[in-house]
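Please arrange chain B on chain A, whose structure you already have, making use of the hints.
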Amino acid sequence: MDAKTQKYDRQLRLWGNSGQDALESAHILLVNATAVGCEILKNLVLPGIGQFTVIDQGTVTQNDIGSNFFLDFESLGKPRAERACELLGELNEDVKGHWIAKDILSILKEDPAFLAQFSTVIATNITRETAEKIAALCWVNGQQGVDINTIPAGKKKTAFVWVKTVGFIGAARIAVPEHTIVETHPDNVADLRIDTPFPELIAFTKSFDFNTQDGLEFGHIPYVAILLKYMEEWKQEHGGKIPSTYAEKNQLKAAIRSGMRSADDENFEEAINSVLRSCQPTVVPSSIKEIFNDPKCVNLTSESSSFWILARALKDFVDDYAKSAGLLPLSGTIPDMKAQTDSYVTLQSIYKAKAKQDIQEVSKIVDSLLESIGLAPGSIPLQEIETFCKFSAFLKVIRYRSLEQEYNQPKIKQIASWLSDPDSIFPQYVLLRASDSFYDDHGHHPGEGENWEDDVDQLQGNVNILLQSWGLENDTISKDLTHEICRYGNGTIHNIASFIGGVVSQEVIKLITHQYIPMDNTFIFDGARSVSAVFAV
Amino acid sequence: MVDTETINENERWAGVYKLLDRNSLIHPEFEPQEEIKEFIKSCKILVIGAGGLGCEILKNLALSGFCDIHVIDMDTIDVSNLNRQFLFRRADVGKPKAVTAAAFVNKRVQGVTVTPHYCKIQDKDENFYQEFALIICGLDSIEARRWINATLVGMRDEDDPDTIKPLIDGGTEGFKGQARVILPGITSCYECSMDMLSKPTGFPLCTIANTPRLPEHCIEWASVLEWPNKHGDRKMDTDDPKDIQWLYETALARAKQYNIQGVTYSLTQGVVKNIIPAIAATNAIIAASCCNEALKIATTCAKNLNNYMMYSGNDSVYTYTFEHQRKEDCPVCSNSATKLDFKGDKTLEEFMDYLKEKPDIQLKKPSFTLGGKLLYMQAPKQLEETTRPNLAKPLKELFASGDEITITDATLPFSLQAIVSFL
Numbered sequence: 001m002d003a004k005t006q007k008y009d010r011q012l013r014l015w016g017n018s019g020q021d022a023l024e025s026a027h028i029l030l031v032n033a034t035a036v037g038c039e040i041l042k043n044l045v046l047p048g049i050g051q052f053t054v055i056d057q058g059t060v061t062q063n064d065i066g067s068n069f070f071l072d073f074e075s076l077g078k079p080r081a082e083r084a085c086e087l088l089g090e091l092n093e094d095v096k097g098h099w100i101a102k103d104i105l106s107i108l109k110e111d112p113a114f115l116a117q118f119s120t121v122i123a124t125n126i127t128r129e130t131a132e133k134i135a136a137l138c139w140v141n142g143q144q145g146v147d148i149n150t151i152p153a154g155k156k157k158t159a160f161v162w163v164k165t166v167g168f169i170g171a172a173r174i175a176v177p178e179h180t181i182v183e184t185h186p187d188n189v190a191d192l193r194i195d196t197p198f199p200e201l202i203a204f205t206k207s208f209d210f211n212t213q214d215g216l217e218f219g220h221i222p223y224v225a226i227l228l229k230y231m232e233e234w235k236q237e238h239g240g241k242i243p244s245t246y247a248e249k250n251q252l253k254a255a256i257r258s259g260m261r262s263a264d265d266e267n268f269e270e271a272i273n274s275v276l277r278s279c280q281p282t283v284v285p286s287s288i289k290e291i292f293n294d295p296k297c298v299n300l301t302s303e304s305s306s307f308w309i310l311a312r313a314l315k316d317f318v319d320d321y322a323k324s325a326g327l328l329p330l331s332g333t334i335p336d337m338k339a340q341t342d343s344y345v346t347l348q349s350i351y352k353a354k355a356k357q358d359i360q361e362v363s364k365i366v367d368s369l370l371e372s373i374g375l376a377p378g379s380i381p382l383q384e385i386e387t388f389c390k391f392s393a394f395l396k397v398i399r400y401r402s403l404e405q406e407y408n409q410p411k412i413k414q415i416a417s418w419l420s421d422p423d424s425i426f427p428q429y430v431l432l433r434a435s436d437s438f439y440d441d442h443g444h445h446p447g448e449g450e451n452w453e454d455d456v457d458q459l460q461g462n463v464n465i466l467l468q469s470w471g472l473e474n475d476t477i478s479k480d481l482t483h484e485i486c487r488y489g490n491g492t493i494h495n496i497a498s499f500i501g502g503v504v505s506q507e508v509i510k511l512i513t514h515q516y517i518p519m520d521n522t523f524i525f526d527g528a529r530s531v532s533a534v535f536a537v
Numbered sequence: 001m002v003d004t005e006t007i008n009e010n011e012r013w014a015g016v017y018k019l020l021d022r023n024s025l026i027h028p029e030f031e032p033q034e035e036i037k038e039f040i041k042s043c044k045i046l047v048i049g050a051g052g053l054g055c056e057i058l059k060n061l062a063l064s065g066f067c068d069i070h071v072i073d074m075d076t077i078d079v080s081n082l083n084r085q086f087l088f089r090r091a092d093v094g095k096p097k098a099v100t101a102a103a104f105v106n107k108r109v110q111g112v113t114v115t116p117h118y119c120k121i122q123d124k125d126e127n128f129y130q131e132f133a134l135i136i137c138g139l140d141s142i143e144a145r146r147w148i149n150a151t152l153v154g155m156r157d158e159d160d161p162d163t164i165k166p167l168i169d170g171g172t173e174g175f176k177g178q179a180r181v182i183l184p185g186i187t188s189c190y191e192c193s194m195d196m197l198s199k200p201t202g203f204p205l206c207t208i209a210n211t212p213r214l215p216e217h218c219i220e221w222a223s224v225l226e227w228p229n230k231h232g233d234r235k236m237d238t239d240d241p242k243d244i245q246w247l248y249e250t251a252l253a254r255a256k257q258y259n260i261q262g263v264t265y266s267l268t269q270g271v272v273k274n275i276i277p278a279i280a281a282t283n284a285i286i287a288a289s290c291c292n293e294a295l296k297i298a299t300t301c302a303k304n305l306n307n308y309m310m311y312s313g314n315d316s317v318y319t320y321t322f323e324h325q326r327k328e329d330c331p332v333c334s335n336s337a338t339k340l341d342f343k344g345d346k347t348l349e350e351f352m353d354y355l356k357e358k359p360d361i362q363l364k365k366p367s368f369t370l371g372g373k374l375l376y377m378q379a380p381k382q383l384e385e386t387t388r389p390n391l392a393k394p395l396k397e398l399f400a401s402g403d404e405i406t407i408t409d410a411t412l413p414f415s416l417q418a419i420v421s422f423l
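Line by line, the protein sequences are chains A and B.
Just so we're aligned: the first sequence equals residues 1 to 537 in full-length UniProt numbering.
Just so we're aligned: the second sequence equals residues 1 to 423 in full-length UniProt numbering.
Same shape as in the complex, but just chain A (with noise of 0.2 Å):
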């Protein structure tokens, strides 16, 4: 085992290479070396991302080194961004920190395609006009003055992250056009097809003899020989129907029990305790319906991306029920069971064989529609092909809101929704973007001052003006809640913001990775509940 693979094991054994070389190929920005920032960094820099960026024009004082472990008391006075990129840059030596000691909106000013070269934005407590600018040229991704050409596939789009902590609360926020996943790491990716066997399937069924005097060889039969010995026997009986109700799920169940010669066949008792799931019809799930009725899915061009080329291939083969049976390509994992060495590896070499028939006439799809729109067939490596088959019951295609969206076309009656719930943190959400008000209204933070309950009042006023602009009334957020935000004063309570700092660099890493499943689009966190919660704003 090389070095890196020593020290990367832990991890590895999540996202794998291919997940591991995304990491390494990522530039992350980050805009202010506040402590959720830095945090957020650290986690980032020791899996060990490509590169990093910090910009911060400020100098580090007494406050930022009691809430920021990546700031000493040596650094009292110096740039933030360039001790911050020292100190973050220790944690790995195969880690490029850079650092920039300026206002982002005048480098902006300079160079509005900047942010292209960033496979990630993490904007941490900006103003909300600040957000705004950030957010709007992550989602066209600076394109003035860039020939969108010249940048790498995969690499067109900038995600934009948004975070703030103040006092007990933390928030975060992803914005980018469109993400998607095949590799979601479901719980379970066995598809053993009992109620749709294919030829290969029943033929293995049959080999086995259900009469045997043999104790050992009938408490070794596999149980989806079991199972689809009495699926099929039910069929035969119920016209080719399978059970459907939970009457008829039990009596297969008792069908299978009856077959039994001791209440210890374990065998039997796994193909029983499968029955429920193996009587779910296998079918094209909704989800995935979706994907194929999405117009990228449909018209396909030389700019589509790999999943979409690969989203679509899947939908042809769907469509040619004489090489589909009108369902997905099999996963070609089954789990374990009691069985002997030899009967589990031939059913598992069925399985497999069978995938592997699939991927194929999915990549007889692939190259083709690769040619019709001008690419080079082949172009999509096999290794690729067979982990979107593998997983196609699960992939995942993701549209954020734009910040603008969430601004100017506020979800009126889901915010109403949300506040409706007495146990609910969207009031957070509400005191957050108040917040961004009364900073715009008054040039500080509520609560930063000595007479910190004066704001009170103010901000409530606030909270009101944002309830009235949604149509909804003034007394839906307690005072309370107002007074609490006034107490936090703008302040940085270092757990929060190591809180937080983990919770955006898994979704970091899951959008770069593009692997498991990242947030849409909000996360909230009340450390004094010790409650969080996810909205689409």
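These are calculated hints, taken from the structure and not from any lab test.
The beta carbon of each residue, even a glycine, is placed where N, CA and C say it ideally should be.
Some hints here could point you the wrong way.
To give an idea of the chain A side of the interface with chain B (calculated C-beta under 7 Å), a few residues [what the hints assert, rightly or not]:
id, residue
1, T341
2, G501
3, V534
Using the frame of chain A, we list chain B on its own:
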């Protein structure tokens, strides 16, 4: 360059001090007082584990204003720790975690003293644990958690509130984790929730020996059956790449023989060391939750978690906060015996295997007694030999249904009283 005197405590801790200086309408029972600030500076806090969670916990406590922190850990630093244990560098590999972590935090955060204890938690006695205001655990071992939990529950004297040592426990696996607050004798304890754990992974010996199907079966065969065959009394060192290589090659040869695919070096290591995937991000989340609760408990500036929060990041971000209930027949924090149901015609050995696997019991080497009568003793050797024949006997020959038996295990600091009813 500024000298130490220029540190302005009020500016430095402005974030935390606002919480402590200002009243709250949400937590009206909280009364701001200067003594609270003094308390977090002077109280002693113990961190158990200086690994992935421990490094984070030490940092968080230091930046919460706690100044007298102790850390206990028996491990040394391994290369595979470096992807998340951020207080360690490549040059530190091989050094004790507790010592290295303490030195780093002491250097980075002025005014904080972290005292390392490079030893097992079992090496310390009640007098040691009695000194701390609260204890935070960042462990990956069930056994160690059960030990500290039982020890702290046992230390509680109902008439002396100072003997209640809040225990905050965190754990992670991949993108998931949990944080909880245990008030010994008041809330549910670690032992109360043993049934939430999944069955300990292990494969039946007959599968490993006769009908291997998975690569894991071949690896278990190599480590459990083939190793003692080929190496006699020499104990396997799972940290030694040579031993892992031998296991890998042996497992691979067996897999080839049986036509089983998927034996790799990495899987071999994963199976024999029972490796749990771990990343910095999840450790940060769980450690921060634990320390947030520590700050709330120590200062009362907000209500603490009551008493369990689960976190999952696999699909979106999801937390679930709930009150885990005490178990009425908890062998540690209740005074009543645990109730077990088992067939009376099964043997004591089968009963023992059942207890090893049962998630809420998970014994390693249990001994059984009935009143003064020894049913089976793991040690000393002589007693083991004289009681061994009982293992093959059905339970109903050894005691009657409804009898209360005592089960002890070297890994547990308590004995389990169990009423066994025959099915």
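Hint-by-hint comparison with the structure:
Contact between A/T341 and chain B, as hinted, is supported at the beta carbon level, the nearest pair being about 5 Å apart and thus within 7 Å. Because the beta carbon of A/G501 sits about 6 Å from the nearest beta carbon in chain B, less than 7 Å, this interface hint is met. This hint holds: A/V534 has a C-beta 6 Å from the nearest C-beta of chain B, less than the 7 Å allowed.
Violated hints for the displayed structure: none, as all numbered hints are satisfied.
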